[in-house]
Amino acid sequence: MKKPLSVYLHFPFCEKRCGYCDFVSCTATQDIDAYLQKLCAEIRAFDFTPYQVRTIYLGGGTPSLMTPEQLANVFACLPACDGEVTIECNPNSLTRAKCKAYQRLGINRLSLGVQSFDDATLRDLGRIHDVKQAVQAINLAHEFFDNVSIDLIKDIPEHTFVTPPAEILALIQHISIYSLTKDDHCVLDTDEPVNLPADFVRYEVSNYARAGYESRHNLVYWTGGEYIGFGAGAHSLLNNQRFCNSSAILTYRREQPVPRTPADIHDEQIMLGLRLRSGVARNLLVGKDAEIQMLAEHGLVTVTPERVIATAAGLKVLNQIWLRLV
Amino acid sequence: MKKIRNFCIVAHIDHGKSTLADRLLEVTGTVAKRDMEAQLLDSMDLERERGITIKLTPTRMLYHYKGEEYVLNLIDTPGHVDFTYEVSRSLAACEGAILIVDATQGVEAQTLSNAYLAIDNNLEILPVINKIDLPAADVEGVRREIEQVVGVSAALAPAISAKNGTNIDQVLEQIIELLPAPTGDENKPLQALLFDCYYNNFLGAVCLVRLFNGTVKVGDKIKMLATGKEFEVTEVGFFTPKQTPCEKLSAGDVGYVCASIKTVNEIKIGDTITTAANPCEPLPGYKEVLPVVFTGIYPIAGDKYGELKDALDKLKLNDASLEFTKETSTALGFGFRVGFLGLLHMEIITERLEREFNLDIITTAPSVNYIVHTNDGRTLNVSNPSNLPKAVEIDYYEEPIVALKMWTPPEYIGALMDLATNKRGVFIDMQHMDGNRTLLNFKIPLNEIVYDFFDRMKSCSHGYASLDYEPAGYQRADLVKMDILLNGKICDALSLIVHESVAYSKGKALAERLKDIIPRQMFEVPIQAAIGGKIIARETVKALRKDVLAKCYGGDITRKMKLLKKQRAGKKKMRMLGNVEIPSEAFVEILKI
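Line order of the protein sequences matches chains L and A. The numbering of the first sequence is our numbering, which starts it at 28 and goes up by one. The numbering of the second sequence is our numbering, which starts it at 809 and goes up by one.
Keep in mind that a hint or two might mislead.
[To be verified] In silico SDA-like cross-links for lysine to any residue, where the CA-CA straight-line distance does not exceed 25 Å:
#1 A:Lys1354 - L:Tyr205
#2 A:Lys1354 - L:Ala340
#3 A:Lys810 - A:Asp977
#4 A:Lys1354 - L:Thr187
#5 L:Lys65 - A:Thr1138
#6 A:Lys1297 - L:Ala317
#7 A:Lys1379 - A:Val1288
#8 A:Lys1373 - L:Cys67
#9 A:Lys1374 - L:Val313
#10 A:Lys1370 - L:Thr208
#11 A:Lys1374 - L:Lys65
#12 A:Lys1374 - L:Leu303
#13 A:Lys811 - A:Phe1142
#14 A:Lys1368 - L:Lys127
#15 A:Lys1379 - L:Ile183
#16 A:Lys1368 - L:Val313
#17 A:Lys810 - A:Ala917
#18 A:Lys1374 - L:Asp178
#19 A:Lys1368 - L:Thr208
#20 A:Lys1370 - L:Lys65
#21 A:Lys1370 - L:Thr187
#22 L:Lys29 - L:Ile319
#23 A:Lys1373 - L:Cys126
#24 A:Lys1117 - A:Met1384
#25 A:Lys1374 - L:Thr187
#26 A:Lys1373 - L:Lys65
#27 A:Lys1122 - A:Glu1135
#28 A:Lys1354 - L:Pro284
#29 A:Lys1297 - A:Lys1117
#30 A:Lys1368 - L:Lys65
#31 A:Lys1373 - L:Asp178
[Unchecked claim] Some chain L residues flagged as far from chain A (calculated, every beta-carbon gap over 12 Å):
#32 Asp58
#33 Arg302
#34 Glu333
[Said to hold, decoys possible] A short, non-exhaustive set of chain L residues, derived as facing chain A with CB atoms under 8 Å:
#35 Tyr35
#36 Leu105
#37 Thr250
#38 Tyr254
#39 Leu265
#40 Ile292
None of these hints come from the bench; they were simulated from the model. The beta carbon of each residue, even a glycine, is placed where N, CA and C say it ideally should be.
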């Protein structure tokens, strides 16, 4: 019986860097071939024998900058995947030819970096596409794929969040909505409401999906499943150890694992569980009954016999809840 | 015995007492210069940092004068008003006192109160004018002031610089020439004054003694007259300032006695030590020292209660004036009600708990001991507001009053009068001490001066005024208990007993202050001040709008956890009161209202 494994591939190149992005990225597109060579070597060096790959995620950066040939070379290094295969695309670099190539390679999910349905917001964010291009890209993606996700950003100072129009919502299955952050922390005192149709269920703090279209890959991260990351700055959880690659694009190396105590693991499980609609198992919260009751009285969590689940109000102050429960 | 001189040094704070002591040790060769650590007699770090002495360490010095060898016993005394009784016992162990006066400051409050204390103990006063190295020194002016204000002759007072070591020999010569030698009879039954003690891990309580009659040596059966307890002597000796055992101590000597006394609680400062077989008359002046300021001390982390208890026990070993009893607060859990001699004493103890024992503690508002008369004729002593009976059961309160003396240059009289009157002080009289100094006498409730009176006095007099006070009985007062409600629940640790006339303004100020101190939380926190069932002030800490980590994808969980842990570390200094998180400094901050 092979162990399930998820694979993350990082492609750090972009036409233009966005100020708000904190992933490893660069604009030195002349290095793409050299990078992909190193990436392929890294993948080939990994022993997949004990594993069945369940999900693959190509993130960036802008993976849609890769030519179909380049992408095919990368996939040639990977074992077969029997589940979700996602590629992140920029609306302005998605083409019909690429969509066909993705299909051929077994990619079955597209994640589009739409970011906003307001041109002024896109301009201020420094994006190189506009709303019209985004709408075109969504229509194109929908033609080829029945699992399309878009990324949006909210809580941008001096801008108002624009909910995707109904005709767009009809074409997509999944939406990630991130709050613009400073130093990883959403403590900016703005919290724009998100009003989506009820068939988009908020299954994680920042993620909404139609039933059955939750991101399998991301759920692996959030539920403690094993994953291996390839490429600059990619993270892994394997054999109960978390480790990552350094961020130097052409000379990245695997860094020493960060030691985790059982207490650390426990704290992580609570942090991740609180973010999910499925909540945290009660058996992880031994001795916290009084706290749980208090949180419930304040409408911050709902409690079932097995689980504690953050409410919409609770999701806004998850850090505070976590601090009470660990 | 004619070759012994027992003396102490008294001074106002910062007039150079410890520096002179250092120089005496150095000039007599008791401590080599290279071994001198500045202000050697103040052995605790905290004392050294604050430049004040708390513990008394008597030191034996040898000095050759006119071909004879003299034994000079220096008994250092604490200089703060909190420790007046300890000072008085040390003074009783001496025949003379060096009175140091700063040549730039002149006679100050503590100069006077300590000088009078020394005179009351029939000590010969030897004035010394210090800090003549400073440009502002006015030796002749200070000489006149000492004569006019203190009323002792200062014509021969050596003008010295303890810092630079100028004229230290003159001080030593005058000690021998002018201070009387002890009198007493070695052949009479043992009569020794226990003027201080400290705890030693191997010897138990080490009693610091002055022998007036008789002798004491190892193996003697001794008896404490006030407590009636008997012990067998295991070691006697003196300090150089190192503890140095010797064969015996005789009448006139100052030294130490160890007798397998397990804790300092078994003995009382000021007690008379004699022999079990042949007891003497008790020495006069013994009294039990009672704490005047009380506060609750709680660990921030509830599971540190045991550690806090151990720490207090250890401090108590060395500090018989420290009193504590178990106390339970609904808000803060298990802790202690601790009694102190004064606010400085309290500050020292809380700082030592934090520094030496590495404990994070919460100190509740200091309180004094009130006498509460109930409708059914009972009389209760209450120092913790939560122990008060219900308001309807209280007939009336009595509160402790002190006689307050403030010395000030005339230009600040108005400001100080306002300050004392606003604190419910009753003006008694005013005395002009000399051209530039006035003594103001007030009766004032103790609870009005335990908070920040000293600081306010200093700030409204530009630092020139000084004060001293002593208990002056109890007086009926219109007091009320003020409760603070957080999230609708009374937080007993924040309750205060206040005078009715200021209750409203205090309640309002307190609620406003708490609103600023308490960080925003997951939910709105109403803060209310209440007297009886009546709300007199209300403020609200608004709820946090948002506190959540950003997107959690790309698999980088480690960084998120780091951020959360950082946030958690910031919470370590917070204390949960019900559902509300309170920074520990809140308890101290509210005192400043």
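Hint check:
no. : hint                  : verdict
1   : A:Lys1354 - L:Tyr205  : 13 Å, holds
2   : A:Lys1354 - L:Ala340  : 9 Å, holds
3   : A:Lys810 - A:Asp977   : 20 Å, holds
4   : A:Lys1354 - L:Thr187  : 17 Å, holds
5   : L:Lys65 - A:Thr1138   : 63 Å, violated
6   : A:Lys1297 - L:Ala317  : 16 Å, holds
7   : A:Lys1379 - A:Val1288 : 34 Å, violated
8   : A:Lys1373 - L:Cys67   : 36 Å, violated
9   : A:Lys1374 - L:Val313  : 23 Å, holds
10  : A:Lys1370 - L:Thr208  : 16 Å, holds
11  : A:Lys1374 - L:Lys65   : 36 Å, violated
12  : A:Lys1374 - L:Leu303  : 23 Å, holds
13  : A:Lys811 - A:Phe1142  : 56 Å, violated
14  : A:Lys1368 - L:Lys127  : 37 Å, violated
15  : A:Lys1379 - L:Ile183  : 29 Å, violated
16  : A:Lys1368 - L:Val313  : 23 Å, holds
17  : A:Lys810 - A:Ala917   : 34 Å, violated
18  : A:Lys1374 - L:Asp178  : 29 Å, violated
19  : A:Lys1368 - L:Thr208  : 13 Å, holds
20  : A:Lys1370 - L:Lys65   : 30 Å, violated
21  : A:Lys1370 - L:Thr187  : 31 Å, violated
22  : L:Lys29 - L:Ile319    : 39 Å, violated
23  : A:Lys1373 - L:Cys126  : 43 Å, violated
24  : A:Lys1117 - A:Met1384 : 21 Å, holds
25  : A:Lys1374 - L:Thr187  : 32 Å, violated
26  : A:Lys1373 - L:Lys65   : 35 Å, violated
27  : A:Lys1122 - A:Glu1135 : 19 Å, holds
28  : A:Lys1354 - L:Pro284  : 32 Å, violated
29  : A:Lys1297 - A:Lys1117 : 28 Å, violated
30  : A:Lys1368 - L:Lys65   : 28 Å, violated
31  : A:Lys1373 - L:Asp178  : 28 Å, violated
32  : Asp58                 : 21 Å, holds
33  : Arg302                : 6 Å, violated
34  : Glu333                : 23 Å, holds
35  : Tyr35                 : 6 Å, holds
36  : Leu105                : 17 Å, violated
37  : Thr250                : 11 Å, violated
38  : Tyr254                : 6 Å, holds
39  : Leu265                : 11 Å, violated
40  : Ile292                : 10 Å, violated
The structure shown violates the earlier hints numbered 5, 7, 8, 11, 13, 14, 15, 17, 18, 20, 21, 22, 23, 25, 26, 28, 29, 30, 31, 33, 36, 37, 39, 40.
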